[in-house]
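Asker: The residues making up each chain are set out below.
Protein chains: 2
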Amino acid sequence: MNENDVDNKLAAMAPGHRLARGVGRALTDLGWSCLFEVVLKTGRRVDIMALDEKGRIAVVEIKSSLADFRSDGKWQEYLEFCDLFFFAVPEDFPRDVLPDEPGLIIADRYTAAVIREAPETSLAPARRKALTLRFARTAGQRLLQALDPRGGI
Amino acid sequence: MNENDVDNKLAAMAPGHRLARGVGRALTDLGWSCLFEVVLKTGRRVDIMALDEKGRIAVVEIKSSLADFRSDGKWQEYLEFCDLFFFAVPEDFPRDVLPDEPGLIIADRYTAAVIREAPETSLAPARRKALTLRFARTAGQRLLQALDPRGGI
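Protein sequences, first through last, are from chains A and B. According to the UniProt record's numbering, the first sequence holds residues 1 to 153 in order. According to the UniProt record's numbering, the second sequence holds residues 1 to 153 in order.
It should be emphasised that the hints constitute simulated quantities derived from the structure, not laboratory data. You may find that some hints are simply not true.
Identical chains blur together in the list; that is why a pair holds if it fits in one copy or across any two.
As the list claims (entries may be wrong) - Subject to a maximum C-alpha distance of 25 Å in a straight line, what follows is the list of computed SDA-like cross-link-like pairs (lysine to any residue): (1) K41 with L30; (2) K54 with K74; (3) K74 with D5; (4) K54 with Q145; (5) K41 with D29; (6) K9 with D68; (7) K41 with K54; (8) K54 with E80; (9) K41 with R116; (10) K129 with P90; (11) K41 with R56; (12) K41 with D5; (13) K74 with R56; (14) K41 with K129; (15) K74 with R95; (16) K54 with D72; (17) K74 with T42; (18) K54 with R142; (19) K9 with D148.
Remember, predicted model here, so these are calculated numbers, not experimental data.
All chains should be built: construct the whole structure from the sequences, respecting the hints.
Answerer: And the structure:
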């Protein structure tokens, strides 16, 4: 892909997906392994789940705009599914509407920066085990599907 | 990709990779999530590691030929890294040279069949936890690399 192809692809992405790309890159560089759009057993879907080498679990909710933030008031529900919870927003997002407690990431389509660290809680062992297994199986299935899409042949 | 493209791609693959493709498809259909070429902490690399929804870990070693089997005598080393261990071989492989204990899979490039179930051992919890985390992080990193290869842009 040349630079124009990449620009066109980025332009066609939803704003939240562009930010997820930047967050995924930045968290990868910080040693996290990231998986996008992970469905929890509650049926809710987190934007990014990330695992570090110690097995800690971070969840990142991406809010591309104030409207996006206001349409989803249930961020506290994610706290019991991670050790670290972050919001990720674009630079021009009005940050003063965000709650003070979670971590904060400023992102664009290319990268992201952790502006405020998340307070660390500690998952119950059984929950951590179940989430790690869900991450592993989902990532493995998606990777195999990407490598061998089984086009009927 | 049309049928000819797929045939050409398959012809260019190493024999072991063609069999891995068939094994990956068959295990996926049996409810396993598969990851190819996973490096253990010993530095040894297993051909396929698979996770089922209970968190059981299977390892599959692919032997595409007798020479391939004879060049690697250390299959017992894998037993402490899985609950279930299988050899996977092509249909024309001389099966009587294989040890009786492990599970046996017959594979081709399109699919595979479990001919003999593997005896089940049970990993120590700390080992299972470490292997599941390794699977999760490796699969997540490879998937993100596939989705966003970061071509310098």
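Asker: Could you run down the list of hints and mark each one as holding or not?
Answerer: Now the hints, each set against the structure:
1. Within a single copy, K41 and L30 get their C-alpha atoms only as close as 28 Å, which misses the 25 Å cut-off; across copies the closest is 22 Å, which meets it.
2. For the homomeric pair K54 and K74, neither the shortest alpha-carbon distance inside one copy (28 Å) nor that between copies (30 Å) is at most 25 Å.
3. Taking identical chains as interchangeable, the C-alpha atoms of K74 and D5 are never at most 25 Å apart, the minima being 37 Å within one chain and 48 Å between chains.
4. Taking the shortest Cα distances, K54 and Q145 sit within 25 Å of each other only across copies (21 Å), while inside one copy they are farther apart (28 Å).
5. In this homomeric assembly, K41 and D29 come within 25 Å of each other (Cα to Cα) only across copies, at 22 Å, whereas the closest approach inside a single copy is 29 Å.
6. In this assembly of identical chains, K9 and D68 lie within 25 Å of each other by CA distance solely inside one copy; the values are 22 Å within and 44 Å between copies.
7. When the C-alpha separation of K41 and K54 is checked against a cutoff of 25 Å, the pair qualifies both within a copy, at 23 Å, and between copies, at 15 Å.
8. In the homo-oligomer, the alpha carbons of K54 and E80 lie at most 25 Å apart both inside one protomer (18 Å) and across protomers (22 Å), since each shortest distance falls under that limit.
9. For the identical chains of this complex, K41 and R116 are neighbours neither inside a copy (28 Å) nor across copies (34 Å), given an alpha-carbon limit of 25 Å.
10. Taking the shortest alpha-carbon separations for K129 and P90, neither the intra-copy value of 32 Å nor the inter-copy value of 36 Å comes in at or below 25 Å.
11. Both within a single protomer and between protomers do K41 and R56 lie at most 25 Å apart by alpha-carbon distance, with minima of 19 Å and 19 Å respectively.
12. For the identical chains of this complex, K41 and D5 are neighbours neither inside a copy (37 Å) nor across copies (40 Å), given an alpha-carbon limit of 25 Å.
13. Taking CA atoms no more than 25 Å apart as the test, K74 paired with R56 passes inside one copy only; the shortest distance there is 22 Å, against 34 Å between copies.
14. Proximity of K41 to K129 under the C-alpha cut-off of 25 Å is found in both arrangements, the shortest distances being 13 Å within a copy and 20 Å between copies.
15. In this assembly of identical chains, the alpha carbons of K74 and R95 lie at most 25 Å apart only when taken from the same copy (17 Å versus 57 Å across copies).
16. Within a single copy, K54 and D72 get their C-alpha atoms no closer than 31 Å, and across copies no closer than 32 Å, so neither meets the 25 Å cut-off.
17. Taking the closest pair of Cα atoms, K74 and T42 come within 25 Å of each other only inside a single copy of the chain (13 Å); across copies the shortest separation is 44 Å, beyond that limit.
18. For a Cα distance limit of 25 Å, the shortest separation of K54 from R142 qualifies both inside one copy, at 23 Å, and across copies, at 19 Å.
19. Both within a single protomer and between protomers do K9 and D148 lie at most 25 Å apart by alpha-carbon distance, with minima of 23 Å and 11 Å respectively.
Of the numbered hints listed earlier, those contradicted by the structure are 2, 3, 9, 10, 12, 16.
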